[in-house]
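Participant: Sequence:
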Amino acid sequence: GYEKVESNGEVLAILIDGKENKKAKIGDKVDLILSETPFYGESGGQVGDIGEIKTQNKCIVDVQDTIKFLENLYIHKSIVKSGELLKGDKVTSYVNTQRRRNLAANHSATHLLHAALRQILGVHVNQKGSLVSDDKLRFDISHPNRISYKEILQIENIVNSEIRLNHLVNTDIMDSEMAFKSGALALFGEKYSDKVRVVSMGSTSSSGDYYSSELCGGTHVERTGDIGFFKIINESSVSSGVRRIE
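Going by the working numbering, 185 is the number at position 201 of the sequence shown; the sequence numbering is gapless.
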């Protein structure tokens, strides 16, 4: 779900209506487990990748969603578009690359947004939920008051400034304890593995700290400029003390 958008593998399991099958025909809705996959599985607020899986026997499977279970189990929710799919088939998987790029841009934008919110509204701001899709982002935060129009403009200007600076986005795999000590933001109450991904981006301060540094398992752009442009279209209340930004 990170470096690759294409990979070869084997069909380990075909599930139809939750039951394992040895084969599937045109029109069947199937959940597939592969020996290797380039698809990102839905987790951390980011939706799963879509794309195609093709077999050596010219069977084509349309992947409509990918979901991650446990640590390394990826379920490809798919429909067989042509041919016959068999357990054990050798396959090549292809991620929808334009959608992957859009998802990465929106996910990286949430990190810059989070940092800007804490800068303008205060460090009491914490993430309470998020949705990262290919056409938009949604970000819920802890904040007691309505975010004013002036504050929204300030937040937009900061994020767009960081985008225009076009800094590299750095991803490091490190021990969770070391990540916490580095000052990277983590979600309160979230359970993390011994090894975590730390995503850092934006301009650095005199102390060498990045504008944004967070523990995150999502996909991200290579440079902040890849995001393009950032615009807040709506700000609303979700519940007492929680605001939603779209």
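Derived from the structure by calculation, the hints contain no laboratory data. Check the hints yourself; a few may be wrong.
List of simulated lysine to aspartate or glutamate pairs, EDC-like, C-alpha gap at most 20 angstroms [claimed, not checked]:
#1 Lys165 with Asp193
#2 Lys(-12) with Asp156
#3 Lys74 with Glu55
Here are the computed distance ranges between Cβ atoms for each label pair [unchecked claim]:
#4 Glu20 with Ser221: 40 to 46 angstroms
#5 Gly113 with Gln82: 42 to 48 angstroms
#6 Ser27 with Lys165: 20 to 26 angstroms
#7 Ser221 with Ser27: 38 to 44 angstroms
#8 Lys134 with Glu20: 21 to 27 angstroms
#9 Asn154 with Phe213: 34 to 40 angstroms
#10 Ser19 with Lys165: 33 to 39 angstroms
#11 Arg148 with Gln40: 45 to 51 angstroms
#12 His108 with Lys134: 16 to 22 angstroms
#13 Asn141 with Glu230: 39 to 45 angstroms
Computed from a prediction, not measured in an experiment: that's the story for all the values here. Glycine residues also receive a C-beta, built at the ideal position from the N, C-alpha and C atoms.
Participant: Looking back at the numbered hints, which does the structure fail to meet, lowest number first?
Facilitator: 3, 5, 7, 8, 9 and 13
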